[in-house]
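Chemist: So the protein sequences, as listed, match chains A and B.
Going by this note's numbering, the first sequence runs without a break in its numbering and finishes at 201.
Going by this note's numbering, the second sequence runs without a break in its numbering and finishes at 310.
Hints listed in this document are in silico derivations from the structure and should not be mistaken for laboratory results.
Among the hints, a few may not be true.
[Stated by the list, open to error] Using C-beta positions, here's what the derived DEER-type ranges look like:
{"id": "1", "chain 1": "A", "residue 1": "Thr38", "chain 2": "B", "residue 2": "Asn61", "range": "34 to 40 Å"}
{"id": "2", "chain 1": "B", "residue 1": "Ala153", "chain 2": "A", "residue 2": "Arg181", "range": "39 to 45 Å"}
{"id": "3", "chain 1": "A", "residue 1": "Leu124", "chain 2": "B", "residue 2": "Ser254", "range": "39 to 45 Å"}
{"id": "4", "chain 1": "B", "residue 1": "Asn61", "chain 2": "A", "residue 2": "Leu124", "range": "49 to 55 Å"}
{"id": "5", "chain 1": "B", "residue 1": "Asn61", "chain 2": "A", "residue 2": "Arg181", "range": "43 to 49 Å"}
{"id": "6", "chain 1": "B", "residue 1": "Lys207", "chain 2": "A", "residue 2": "Ser135", "range": "49 to 55 Å"}
{"id": "7", "chain 1": "A", "residue 1": "Leu120", "chain 2": "B", "residue 2": "Ala153", "range": "39 to 45 Å"}
[What the hints assert, rightly or not] Heads up, simulated DMTMM-like pairs for lysine to aspartate or glutamate below, C-alpha to C-alpha not over 20 Å straight-line:
{"id": "8", "chain 1": "B", "residue 1": "Lys245", "chain 2": "B", "residue 2": "Asp230"}
{"id": "9", "chain 1": "B", "residue 1": "Lys166", "chain 2": "A", "residue 2": "Asp150"}
{"id": "10", "chain 1": "B", "residue 1": "Lys245", "chain 2": "B", "residue 2": "Glu187"}
{"id": "11", "chain 1": "B", "residue 1": "Lys207", "chain 2": "B", "residue 2": "Glu234"}
{"id": "12", "chain 1": "B", "residue 1": "Lys245", "chain 2": "B", "residue 2": "Glu183"}
{"id": "13", "chain 1": "B", "residue 1": "Lys166", "chain 2": "A", "residue 2": "Asp86"}
[Said to hold, decoys possible] These stretches of chain B come out as covered by chain A in the derived footprint (C-beta under 8 Å, 3 or more residues):
{"id": "14", "region": "49-61"}
{"id": "15", "region": "202-213"}
The beta-carbon is built from N, C-alpha and C at its ideal position, and this holds for glycine as well.
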Amino acid sequence: MTKKMNMDRKKKKEKRNAVIRWIIYYLLAGIGYIFMSTGKVISVSDMGRLPMPLVLIPVAAAAAVYESASPFYSALFGCVCGLLTDSASGTLVSFNGIIIGFCSMMISLVFLFYMRRRILNFILLCFGASLIQSSLHYIFFYLLWGYDPDSGILTGIFIPEFIFTNISGIFIYLLFKLIDRFFGAVREHYIEDSSEAITRE
Amino acid sequence: MALTAVLLGVMIYSVTKGGYASESASFWSKLFEPLQKASTSISDKVTSSLDMLMNAERYYNENQQLKSEINELYNDIIDYDSLKRENEDLRAMLELSEEYESFTFSPPCSVIARTTNDPYASFTIDKGAEDGIKPQDPVVTSEGIVGVCYDVAQSTAKVRTLYSPKTAIGVYTLETKAQGIIEGTYELSTDGFCRMSYIDKISEIKKGDIVVTSGSANYPAGQLVGIVEDIGMEDSGLSMYAVIKPAVDPETVSDVFVITGFEIDDSVLAAEDADISAENIPVEEAVSETSDDTDTDETEASSAETEELS
Numbered sequence: 001m002t003k004k005m006n007m008d009r010k011k012k013k014e015k016r017n018a019v020i021r022w023i024i025y026y027l028l029a030g031i032g033y034i035f036m037s038t039g040k041v042i043s044v045s046d047m048g049r050l051p052m053p054l055v056l057i058p059v060a061a062a063a064a065v066y067e068s069a070s071p072f073y074s075a076l077f078g079c080v081c082g083l084l085t086d087s088a089s090g091t092l093v094s095f096n097g098i099i100i101g102f103c104s105m106m107i108s109l110v111f112l113f114y115m116r117r118r119i120l121n122f123i124l125l126c127f128g129a130s131l132i133q134s135s136l137h138y139i140f141f142y143l144l145w146g147y148d149p150d151s152g153i154l155t156g157i158f159i160p161e162f163i164f165t166n167i168s169g170i171f172i173y174l175l176f177k178l179i180d181r182f183f184g185a186v187r188e189h190y191i192e193d194s195s196e197a198i199t200r201e
Numbered sequence: 001m002a003l004t005a006v007l008l009g010v011m012i013y014s015v016t017k018g019g020y021a022s023e024s025a026s027f028w029s030k031l032f033e034p035l036q037k038a039s040t041s042i043s044d045k046v047t048s049s050l051d052m053l054m055n056a057e058r059y060y061n062e063n064q065q066l067k068s069e070i071n072e073l074y075n076d077i078i079d080y081d082s083l084k085r086e087n088e089d090l091r092a093m094l095e096l097s098e099e100y101e102s103f104t105f106s107p108p109c110s111v112i113a114r115t116t117n118d119p120y121a122s123f124t125i126d127k128g129a130e131d132g133i134k135p136q137d138p139v140v141t142s143e144g145i146v147g148v149c150y151d152v153a154q155s156t157a158k159v160r161t162l163y164s165p166k167t168a169i170g171v172y173t174l175e176t177k178a179q180g181i182i183e184g185t186y187e188l189s190t191d192g193f194c195r196m197s198y199i200d201k202i203s204e205i206k207k208g209d210i211v212v213t214s215g216s217a218n219y220p221a222g223q224l225v226g227i228v229e230d231i232g233m234e235d236s237g238l239s240m241y242a243v244i245k246p247a248v249d250p251e252t253v254s255d256v257f258v259i260t261g262f263e264i265d266d267s268v269l270a271a272e273d274a275d276i277s278a279e280n281i282p283v284e285e286a287v288s289e290t291s292d293d294t295d296t297d298e299t300e301a302s303s304a305e306t307e308e309l310s
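Just chain A, same shape as in the assembly (with noise of 0.2 Å):
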């Protein structure tokens, strides 16, 4: 009855810390976005100016993940996280959304079934991500139109952009980490749960 009873518990528990974790992450993309969407570029005054990291991709790679367990949400999240990067960055709608949805299911799928939730795993799938999309941001909005000849965009803007966004990507996975250390799975502990292992005589 007890058993039931915490069983219970830890369930509600951990329903409301998944609503907690998702509501946040919610919170974070609505950051990045304001974050993205409040400057052109970084002006730093011995290096001229440096484009900015495109945050929301690593905050989608984060949060497939840490809910890789539920690869639709995260690849729903993924594709809020590209339209939201579509708005910021003025590419066709849906644009950013399509590519940052379907890289979100992939990196669910893949911690899913065949990584451990490790910050080399997270740093190399975010990598391949932020990579898709520079490179068909760039092949589609300014290589195809022969608006980079001289390949100054390429590397004026987007192989800096792509570095910033793999270096943010880091304390992203790091503060996603804090976020699943206080509301991630429930950890605790019943004696109940652990009594089933005691041989009663």
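Following the hints, position chain B against chain A.
Modeler: Quick look at chain B alone, frame taken from chain A:
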């Protein structure tokens, strides 16, 4: 007894000095002056140290209060500066709307977002279709043209600046009347310039020329674009190009107006019609028309005379 008598004597002598110190007192005071100074200094320091220790909390609170007051004052100064700047912008825009009475302006628009990592510095304004803004509407400030609207939503609109290669605006130089098209490139935009292309190579365009819009169905004529900074020959050798310093820096602009309507000059429309009809004529006919230019002129002249007579 003797010592007491001496001291009494000294006292009586001192009293008789009429307010001045006696020699002995002067001597002692001179002797003890450094010691007094040192002791006072030590005493002050100890007192202040004790005071600091005893009243540390009070001082800390006072310090915090003063800091917050200073911050408030700084914020007031920042608010004052931004209000002053906004006031100046709005005043300039009012003058602009008074100057161009035939134009219909949108309400003043503020830049609310910058497109992330856009090489051409496009941005979003806080007015959209519900304020009468349409795609391709020119965006201006009191200093000159900034760009054109695209992707117009109900309450926001995106602005493509002069730096963008997609912004093709017909322009001419005021002094030398050289015509061309304004379009941007990434390399020039990083230095804050844009490019005027397709300039006739026999034109006399020169550095320092003022560039204004030539006018079309989308853009009113005479809007300041910028100043010619440099001139060069295109790689093909068929035409020239000029590097233009825009009158308005799109990367720093914060308040703009959108021209939602204007009276189109008839001559501009006629010229556009002529261009369109010329484009529609097959090449052979166009060639034959060009060769018969003199004949046409004569016919036109005779028809004008007939009209006058009638």
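Chemist: Indicate, hint by hint, whether the structure satisfies it.
Modeler: Verification of the supplied hints:
no. : hint                            : verdict
1   : Thr38/A - Asn61/B: 34 to 40 Å   : holds, 36 Å
2   : Ala153/B - Arg181/A: 39 to 45 Å : holds, 40 Å
3   : Leu124/A - Ser254/B: 39 to 45 Å : holds, 42 Å
4   : Asn61/B - Leu124/A: 49 to 55 Å  : holds, 52 Å
5   : Asn61/B - Arg181/A: 43 to 49 Å  : violated, 36 Å
6   : Lys207/B - Ser135/A: 49 to 55 Å : violated, 41 Å
7   : Leu120/A - Ala153/B: 39 to 45 Å : holds, 42 Å
8   : Lys245/B - Asp230/B             : holds, 9 Å
9   : Lys166/B - Asp150/A             : holds, 18 Å
10  : Lys245/B - Glu187/B             : holds, 13 Å
11  : Lys207/B - Glu234/B             : holds, 17 Å
12  : Lys245/B - Glu183/B             : holds, 12 Å
13  : Lys166/B - Asp86/A              : holds, 19 Å
14  : 49-61                           : violated (count 0)
15  : 202-213                         : violated (count 0)
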